[in-house]
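Protein sequence lines, in the order shown, are assigned to chains A and B.
Each number in the numbering used here corresponds to the 1-based position in the first sequence with 12 added.
Each number in the numbering used here corresponds to the 1-based position in the second sequence with 12 added.
Treat the hints as calculated values from the structure; they're not laboratory data.
You may find that some hints are simply not true.
Selected chain A positions facing chain B (in silico; Cβ < 10 Å) [unchecked claim]:
id : residue
1  : Q47
2  : I52
3  : K56
4  : T60
5  : E62
DEER-style ranges, computed between Cβ atoms [what the hints assert, rightly or not]:
id : chain 1 : residue 1 : chain 2 : residue 2 : range
6  : B       : E100      : A       : D26       : 20 to 30 Å
7  : B       : A92       : A       : T60       : 21 to 31 Å
8  : B       : A92       : A       : P15       : 38 to 48 Å
9  : A       : S32       : B       : I122      : 50 to 60 Å
10 : A       : F65       : B       : R111      : 19 to 29 Å
11 : B       : I73       : A       : F75       : 54 to 64 Å
Glycine residues also receive a C-beta, built at the ideal position from the N, C-alpha and C atoms.
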Amino acid sequence: MTPRKGKVGNRIRDLRTERSWSQGELAERVGATRQTINAIEQEKYAPTLELAFRIALAFEVGFEDVWTFR
Amino acid sequence: MFYTLSGSLKMANAERYAWWSLVAWIGIMFFLLMRLATGVANSLGFEIVEQSAARLLGIYISITIAAIIAESVIAGATAAYAATKGVERDERDAMIAQRASLASYWFVAIALNVIVFHVLASATYGSPLISGLNITSTTGIAFAILFVLVGAEIVNRAALIWNYRRP
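Take these sequences, add in the hints, and give me the full structure.
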């Protein structure tokens, strides 16, 4: 069976806005550059599993509260 | 592509480095074409002008020194700027650098194959396939190798920029 194609989505912008964090602030918390956070938010870049977990941990929410696959 | 000053300040550090480095390597390519070929104004710069061995050595050393100085200054300046801006490089930068390396690898592989084919076909049929591009002489060999090396750096920087900028 061929796995279905999909796209990794996220709620980073919403979660960030709720906490009044800038992209730079989140970047600093997760050890990435602001440009990478911007690319992830715009769904131009799908992060590695490690960075995805670090982002969820930074927001103190579950993995599935940040990441979607559609 | 044009950027406003504020736009350029928002670039990733690695992209800023790639832009300046691209300019430097294009300058080095122009220098190479002017010294070993007829120059970009004539025959696209691919008509090789034979040089003495001593002059070739001087050109090679000049290009090497220019490349070392340019890369050191650009890398140093962009790193110093990034040091004030938090994280300097992350996994996305590494992924893009890997893609750019792959692009320059393919450039080198294709260019070397073209050169080998050109030399063998020219020897087989008696005259250079591309008029003026005789790469069997010392000057020709030096030009071909330096062209591929400098070209690979240009392709690498262009691929870096493309990967940062692509929609």
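### Query
Which earlier hints can't be squared with this structure?
Those not satisfied: there are none.
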